[in-house]
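Those protein sequence lines, which keep their order, are chains A and B. Residue 180 in numbering that gives the first Met the number 0 sits at position 181 of the first sequence, with consecutive numbering throughout. Residue 140 in numbering that gives the first Met the number 0 sits at position 141 of the second sequence, with consecutive numbering throughout.
Keep in mind the hints are simulated off the structure, nothing from the lab. The hints are all genuine.
To give an idea of the interface, some chain A residues facing chain B are shown, with a C-beta separation under 10 angstroms as derived from the structure: (1) Ser50; (2) Gln71; (3) Glu72; (4) Thr76; (5) Glu95; (6) Ile103; (7) Pro107; (8) Cys111; (9) Val118; (10) Gly180; (11) Gly183; (12) Leu185.
Below, a list of computed lysine to any residue pairs in the SDA-like style, where the Cα atoms sit at most 20 angstroms apart: (13) A:Lys122 - B:Thr83; (14) B:Lys288 - B:Lys300; (15) B:Lys92 - A:His179.
Here are the in silico distance ranges between beta carbons for each label pair: (16) A:Cys188 - B:Thr147: 35 to 41 angstroms; (17) A:Phe153 - B:Lys231: 42 to 48 angstroms; (18) B:Pro8 - A:Glu52: 15 to 21 angstroms; (19) A:Glu52 - B:Pro214: 25 to 31 angstroms; (20) B:Asp47 - A:Lys122: 26 to 32 angstroms; (21) A:Lys122 - B:Asp161: 47 to 53 angstroms; (22) B:Pro289 - A:Arg187: 49 to 55 angstroms; (23) A:Pro170 - B:Asn71: 33 to 39 angstroms.
Note that the structure is a prediction, hence the values are computed from the model and not measured. Backbone N, C-alpha and C define an ideal beta-carbon position, used for all residues, glycine too.
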Amino acid sequence: MAEMKNPEETTKTLSRRDLIKGVIAAGAVSSAGYLFRASGVRAQQPSAAGSVERLVTITVNGQQRRVDVMKQETLATTLRYKLGLTGTKLGCDRAECGACTVLIDDVPHYSCSVLTQSVRARKVVSIEGLASADGKLHPMQQGVVEEQGFQCAFCMSGFIMSAVGFLKVNPKPTRTELAHGISGNLCRCQDYDKILTALLKGAENMRRA
Amino acid sequence: MAVIRDVMPAFELFQPATTDDALALLAKYGSDAWVLAGGLDSFDWLKDRIKRPKVVVDMSQASGLRGIKEVNGGLEIGAMTTLTEVVRHPLVKEHFSLLAEGAELAASPQIRNQGTIGGNVSQDTRCWYYRSGWKCYRAGGNICFADTPTAINREHAILDADRCVAVNPSDSAPALIALDAQMVIRGPGGERVVNAQDYFVGPDINIMRMTVLKPNELLTAIRIPGTWGGAKFYFEKIRDRQVWDFPLVNVAAAMKVSGGKIDQIRIAVNGVAARPLRLTAVESAVIGKPADAATGEMAGKIAIQGAVALRFNAYKIPLLRNLVKRAIGGVQEAAWKS
Ligand SMILES: Cc1cc2nc3c(=O)[nH]c(=O)nc-3n(C[C@H](O)[C@H](O)[C@H](O)COP(=O)(O)OP(=O)(O)OC[C@H]3O[C@@H](n4cnc5c(N)ncnc54)[C@H](O)[C@@H]3O)c2cc1C
Ligand code: SF4
Ligand code: FES
Ligand code: FES
Numbered sequence: 000m001a002e003m004k005n006p007e008e009t010t011k012t013l014s015r016r017d018l019i020k021g022v023i024a025a026g027a028v029s030s031a032g033y034l035f036r037a038s039g040v041r042a043q044q045p046s047a048a049g050s051v052e053r054l055v056t057i058t059v060n061g062q063q064r065r066v067d068v069m070k071q072e073t074l075a076t077t078l079r080y081k082l083g084l085t086g087t088k089l090g091c092d093r094a095e096c097g098a099c100t101v102l103i104d105d106v107p108h109y110s111c112s113v114l115t116q117s118v119r120a121r122k123v124v125s126i127e128g129l130a131s132a133d134g135k136l137h138p139m140q141q142g143v144v145e146e147q148g149f150q151c152a153f154c155m156s157g158f159i160m161s162a163v164g165f166l167k168v169n170p171k172p173t174r175t176e177l178a179h180g181i182s183g184n185l186c187r188c189q190d191y192d193k194i195l196t197a198l199l200k201g202a203e204n205m206r207r208a
Numbered sequence: 000m001a002v003i004r005d006v007m008p009a010f011e012l013f014q015p016a017t018t019d020d021a022l023a024l025l026a027k028y029g030s031d032a033w034v035l036a037g038g039l040d041s042f043d044w045l046k047d048r049i050k051r052p053k054v055v056v057d058m059s060q061a062s063g064l065r066g067i068k069e070v071n072g073g074l075e076i077g078a079m080t081t082l083t084e085v086v087r088h089p090l091v092k093e094h095f096s097l098l099a100e101g102a103e104l105a106a107s108p109q110i111r112n113q114g115t116i117g118g119n120v121s122q123d124t125r126c127w128y129y130r131s132g133w134k135c136y137r138a139g140g141n142i143c144f145a146d147t148p149t150a151i152n153r154e155h156a157i158l159d160a161d162r163c164v165a166v167n168p169s170d171s172a173p174a175l176i177a178l179d180a181q182m183v184i185r186g187p188g189g190e191r192v193v194n195a196q197d198y199f200v201g202p203d204i205n206i207m208r209m210t211v212l213k214p215n216e217l218l219t220a221i222r223i224p225g226t227w228g229g230a231k232f233y234f235e236k237i238r239d240r241q242v243w244d245f246p247l248v249n250v251a252a253a254m255k256v257s258g259g260k261i262d263q264i265r266i267a268v269n270g271v272a273a274r275p276l277r278l279t280a281v282e283s284a285v286i287g288k289p290a291d292a293a294t295g296e297m298a299g300k301i302a303i304q305g306a307v308a309l310r311f312n313a314y315k316i317p318l319l320r321n322l323v324k325r326a327i328g329g330v331q332e333a334a335w336k337s
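I would like the entire structure built from these sequences, with the hints used as guidance.
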């Protein structure tokens with residue numbers, strides 16, 4: 000983190016949230032500079048059909064991000080360690096918990112189980128992309144704040160992304176339908192009832208917004 | 000137990016845009032290559048460093064393999080179509096809801112949003128000895144770790160075992176067999192089409208593979224004929240948790256009933272053998288009989304003939320019997336739908 004320089008912010012004490020925002024704005028690299036060091040852009044492949052390059056542009060939260068991506072790199076790694084978007088959590092790295100859920104072309108995916116190389120032409124939205132530019136929370140986030148739906152909240156960004164994705168298909172779900180829609184997310188604190196209440200509140204906020 | 004490591008070991012990645020380009024890559028790299036569809040079976044192997052392919056051929060950009068179209072009253076489903084797309088497709092829902100039900104009960108929403116129907120029928124077994132890298136029969140060794148006096152084998156096979164006692168974990172496979180689906184395969188020699196029930200192989204045929212696919216071949220599409228469109232369907236899956244978990248046993252049946260009697264039937268089960276089993280003995284025994292509890296009772300008994308329990312999976316025998324009974328005799332189930 001010490002390497003991160005964001006000139007506008009150096010005088011202030013950075014809150015965690017400001018820090019994350021700063022990283023997004025500056026396009027800087029945060030906690031995993033080491034991943035970069037090992038990975039200079041290699042010479043072009045001899046042009047076998049379908050070969051890929053390491054320097055790619057991906058659309059994350061509405062911005063075009065140029066990033067050096069290993070062939071075997073997952074989207075969760077790219078988001079967290081290369082783009083500094085640490086709101087996306089890694090719980091299991093095995094498609095078994097949902098903490099890493101992001102939207103790809105509006106559809107919820109486990110970013111731990113997607114190759115970054117495969118989202119080049121697609122739109123990725125992570126939890127950081129929900130609030131508007133002026134910092135106003137997304138109605139779903141607002142619902143979660145209002146209902147205090149989570150305990151430790153490690154699972155929260157995944158749940159919110161799942162819910163936002165599900166609501167695009169079914170904007171007015173019953174409690175049971177929403178439970179099914181977000182059933183690909185686990186909460187270690189096991190507060191599913193409150194989580195559902197909060198997400199339903201968010202759904203209501205979204206319909207009103 | 001899964002361990003989170005930094006990143007997967009390096010591999011060369013190709014993302015061919017067409018089947019032809021993909022086949023050329025498979026021909027070139029042979030056994031060094033790994034086909035990647037949605038990756039939800041593959042990534043575990045790669046992350047755990049149990050399988051170390053040098054080359055990954057990612058089919059995600061081959062848009063021609065994705066989508067569902069109507070063909071002669073039936074459907075042709077591209078192998079790269081996601082399970083969610085299958086579940087939500089109006090023609091699948093209207094005429095072949097059996098497949099929609101099976102696919103909907105697989106895994107979790109995010110997995111269905113990415114996992115493909117082609118990958119679902121081609122996925123490897125979940126036997127954890129094998130998946131943890133133990134060198135068992137299926138991995139080319141000469142022992143089965145799941146079939147020893149101390150083995151943990153609650154999820155393993157009760158039928159047709161031959162050295163290996165692993166099961167096929169697919170939820171869509173029995174539905175496809177019951178619908179008389181056909182698998183369209185392309186390889187260096189061109190296209191071949193095999194019936195769904197013959198796509199899967201048991202250890203007696205090939206102990207190291209789950210399907211007839213050769214390493215240089217691709218599954219390109221699954222065809223569902225119009226034959227069973229709108230028939231009476233039954234799908235049931237029993238699992239420990241209602242999300243994520245693979246079937247302990249599942250059953251898929253398609254029936255045509257007239258005057259209360261069963262005219263035609265296809266019934267298949269999975270989770271009980273190394274390949275999904277079409278229960279032909281049950282089918283012939285119930286034709287002409289009323290679709291009621293008594294026929295179901297008889298069918299259930301036939302289904303379990305020859306079943307052999309391991310130390311921890313004896314429960315699967317009555318489970319299979321009861322699922323087959325319900326598939327034929329019917330049951331009022333409150334399905335969880337959304
Ligand atoms: C946590 C978890 C829970 C799950 N629970 C269930 C469940 O309850 N029921 C269920 O049915 N499944 C379950 N699955 C499996 C999941 O549905 C499958 O992994 C998925 O459908 C496989 O599709 P994929 O596209 O992701 O496959 P991939 O991992 O990409 O491929 C699977 C295998 O098939 C081969 N393959 C794929 N497509 C082709 C093709 N077109 N031609 C040739 N070879 C091909 C690949 O080489 C690979 O060996 C679960 C998976 C996970 C991770
Ligand atoms: S059941 Fe099959 S896959 Fe599992 S340990 Fe035995 S031989 Fe290997
Ligand atoms: S970290 Fe991706 S599902 Fe758990
Ligand atoms: S609130 Fe702690 S994991 Fe969900």
